[in-house]
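Once you've looked at the hints, go ahead and assemble the two chains, each given alone in its own frame, into the complex.
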Amino acid sequence: MIKLVKVSKSFKGQKVLDNLDLIVEPEKINIIIGRSGSGKSVLLKHIIGLIRPDSGQIFVDGIDITKINEKTFNEMRKKFGMLFQEAALFDSMTVGENVAFPIKEHRHLSQKKVDEIVNEKLIQVGLTNVAHKMPSELSGGMKKRVGLARAIALDPEIILFDEPTTGLDPIMCSAINNLIVQTQEHTKATCIVISHDIESTFKIAHKVAMLYHGKIIEEGIPGEVKVSGNPVVRQFIEGRQIEQSPKQK
Amino acid sequence: MIRIFESAGRPFVAFVEEFGRILLLLISATAWLFRPPFRFRVVLKQMEFVGVKSITVVLITGAFTGMVLALQTYHGFRMFGGEGLVGSTLTLAITRELGPVFTALMVTGRAGSAMAAEIGTMKVTEQIDALYTMSVSPVQFLIMPRIVAGILMLPVLTVISDFIGIVGGYFVGVKLLNINSGIFMARIVEIVDLDDIFNGLIKSACFGLILALVGCYKGFYTTGGAEGVGKATTQSVVYASVAILISDYFLTSVMFR
Chain A
1 MIKLVKVSKS FKGQKVLDNL DLIVEPEKIN IIIGRSGSGK SVLLKHIIGL
51 IRPDSGQIFV DGIDITKINE KTFNEMRKKF GMLFQEAALF DSMTVGENVA
101 FPIKEHRHLS QKKVDEIVNE KLIQVGLTNV AHKMPSELSG GMKKRVGLAR
151 AIALDPEIIL FDEPTTGLDP IMCSAINNLI VQTQEHTKAT CIVISHDIES
201 TFKIAHKVAM LYHGKIIEEG IPGEVKVSGN PVVRQFIEGR QIEQSPKQK
Chain B
250 MIRIFESAGR PFVAFVEEFG RILLLLISAT AWLFRPPFRF RVVLKQMEFV
300 GVKSITVVLI TGAFTGMVLA LQTYHGFRMF GGEGLVGSTL TLAITRELGP
350 VFTALMVTGR AGSAMAAEIG TMKVTEQIDA LYTMSVSPVQ FLIMPRIVAG
400 ILMLPVLTVI SDFIGIVGGY FVGVKLLNIN SGIFMARIVE IVDLDDIFNG
450 LIKSACFGLI LALVGCYKGF YTTGGAEGVG KATTQSVVYA SVAILISDYF
500 LTSVMFR
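Read top to bottom, the protein sequences are chains A and B. Position 8 of the first sequence, counting from 1, maps to 8 under my numbering, and the rest follow consecutively. Position 77 of the second sequence, counting from 1, maps to 326 under my numbering, and the rest follow consecutively.
Be aware that a few hints might be false.
[Claimed, not checked] Each pair of labels, with its calculated beta carbon distance range:
| hint | chain 1 | residue 1 | chain 2 | residue 2 | range |
| --- | --- | --- | --- | --- | --- |
| 1 | B | Met250 | A | Asp18 | 38 to 46 angstroms |
| 2 | A | Glu137 | B | Glu346 | 43 to 51 angstroms |
| 3 | A | Gly220 | B | Val265 | 47 to 55 angstroms |
[What the hints assert, rightly or not] One side only, chain A facing chain B, incomplete, derived with CB under 10 angstroms:
| hint | residue |
| --- | --- |
| 4 | Lys45 |
| 5 | Ala87 |
| 6 | Ser92 |
| 7 | Ala153 |
| 8 | Asp162 |
Quick caveat, the hints were computed from the structure, so don't treat them as lab data. For glycine and all other residues, C-beta sits at the position ideal for the given N, C-alpha and C.
Isolated chain B (complex conformation) (with noise of 0.2 angstroms):
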């Protein structure tokens, strides 16, 4: 009987201890951050990395989102003849969820993954133990500059995303669709808010932290050499991408009640 219990709460016990771990981490990194030196230079190139880089990929996701969004829609209300709503639905859809959670993920794809290779291969090739040997603090170094570029260039990249986004819904639906322009418009203005898009903001600045994190520690923590890292980096991945996926869910219930 107790064998049972204790194989069915190790799952959990590992979870807490994980958790644990990331939470510690984090706690570091937002430590080193106000202590010197501080490395803005280390810090401009991983936003260089995590936003300019991402950009084409977030411009394409973007674009084709608002394109499908708003072909579906206007099926939908063409039923009822409120086609006059697509553009509000999708601009709302688009600020409020599909911006910032479609743009994580794709970004957690791009950039996450590569922290997560990247600080796994710096960790079994000891470039981690040579950085503590030269005094040199890891998670200041290397840790620290990517959650801040994280959180900045979420928001940064959701921005292009949500208006490219509004552009191409707004390319089908007005183009080829033929939906009156004005009334497409003049529905986003009176419908949709500025917080719809300041909340989608928070929410993809809280998005960059934990695909930043959960990268960072899943390549901090690699084990066992060039099997290890590829499996940290796949792992970044899918548990960084769920975790987006259940606190947009929570985010979204205090953000837009």
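Extracted from the complex, chain A is given alone in its bound form (with noise of 0.2 angstroms):
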């Protein structure tokens, strides 16, 4: 289970995690929603250890991993996959060999081995014939796909997705989302995805969080969610402008 206690976090003075508070639902499609530039990347950092927070705790089934060090969290982060906004795929290497990283950093196995994994997760995220070229070769949502592929090539027990469907086309977006949904089905894996795609959130979300003034300031099922009498989680649905308070302007 992943819980986040009163997280703050500080960017040359200007705060953007304000004692947040967040319980991630295990084996569950969790996803956080706010608009661009409120410091959702930054949480799901924090979550992988790539930021460390200003105070606060965040507990990785029961171990708080702001107070590990980094060797341990080097052991911690092979429960986690990650899946980012641009793929950030090795572009020196082949789609192949990207998959194959992971497996072949951990796993001791034979090449053979190692290959039927590759063949196997890149036909799990809808490809084939892909393994021989470069990432240069594909297009954004192929990208994607395989940045999926080598997410989930150690079969981890978290996936994090940081905007899965930013800059795709609506059918590539129904397409990801798609392959969201299956690959927690197929895996049973703890999910967090970052989105501002109301509909696509609503679509596929077990547990939906809007973070907003480096808070967390609704959350709960979907359906809850949508009905919020929160005006601020309305605007963000209805996709009006948020008015600042004059305190914040």
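Below you can see the structure in the form of structure tokens.
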């Protein structure tokens, strides 16, 4: 289980996370929504330890990851897989080498077995005959699929998705959303998705949380959040301009 | 008054901070050198990149350095009938100074800048974050192999540069300027010591460390997208070149008393 307790983070004096509390539902699709620049990616990077909080605690399976050293964290990170916003594929490696990378790093398997797993993961994300291609030869959607194949290569317990549908056409968005659902059903992993795509969120989420000014201002199952009485949440869902309070101006 | 001191001291503080970060990166890379998994293939790949792929540029630079040196020293020595010293003088200059320094500067322009650009691009496109998420240390995977390759390959390239420089000097001196071949070679054997060559190679290993470390450091701390990568690349070449020339003075003053 993942739990964030009173997590705060500032960059150059600007508070991005402000005493944030969040409980992530295990083995479910948890979607964190919020406006661009609201700190969603920062929150995700805290969960996997790419950024350390200024204060607060982050528990992963009962262990406070803010207190552990880098070596212990590296062991902990093997539980995670992450799909980055722009896929972050290694552009000096082929698609096959990208997917094989975490397997070769952490499992001592024969090349034949590695190739089998790579093939299986690529098929799982709906790709065939691309293993020999370079990332620069792929479209945005294909890159994200390869990124997902790499993220699930070690069958992680927790998968993080950083704005998986940003920059894709509606058909590809739908395909990626279906892929998230299928992956979660297939692996039973805890999925945390960062998104500002409201339509997709309500379609695939088991739990939705909204981040606003460094805090989670609303959370619950999609049905609850959809009918939220919070004006900020309503404005965000309905796509209207969120007015700033005088203090924030 | 305080403000004047503050603004005067700020660049110094920034320099100390940057130097500290470079030093920490070097310590971290050194520590990773002795921790498994050992990445021989990645090191070999980098040695090929830094060494094998720099041979052409080093050959051209070395040959023409030797040739122009022969030409210049010949005109100087001819004034007092000392043409026979051309071979030994250019060999000393090449093995002690010009071979190591010019090789390092050329490799900085070719490989050091590429290191900064590649690692910088990886940084701004989150590929380095991706390494962290896969429990792989970027310092071990990206930086340590490049530093090892720099330290090992620069002396090899310098040997090639020294050799081709002397051959170039011989060609100009003996074949074009008609210096006696026997005297040319005899003076080299008489005056040039093996220590001159070895000390030059030690210097080149230090330059290899500097150019790789600065290139990796600038790439690793790149911020600000494509513009940031461009800036990091340029800075890596300028900083490494300046550091090589400054360190050359101090290394020379220690080695050739």
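So, going through the hints one by one against the coordinates:
1. B:Met250 x A:Asp18: 38 to 46 angstroms: holds (39 angstroms)
2. A:Glu137 x B:Glu346: 43 to 51 angstroms: For Glu137 of chain A and Glu346 of chain B the Cβ distance comes to about 47 angstroms; the hint holds.
3. A:Gly220 x B:Val265: 47 to 55 angstroms: For Val265 of chain B against Gly220 of chain A, whose Cβ atoms are near 51 angstroms apart, the range 47 to 55 angstroms holds.
4. Lys45: holds (7 angstroms)
5. Ala87: Because about 9 angstroms separates Ala87 of chain A from the closest Cβ in chain B, which is inside the 10 angstroms limit, the hint holds.
6. Ser92: Check passed: Cβ of Ser92 of chain A comes within 8 angstroms of chain B, closer than 10 angstroms.
7. Ala153: holds (9 angstroms)
8. Asp162: Asp162 of chain A check passes; min Cβ-Cβ to chain B is 8 angstroms, inside 10 angstroms.
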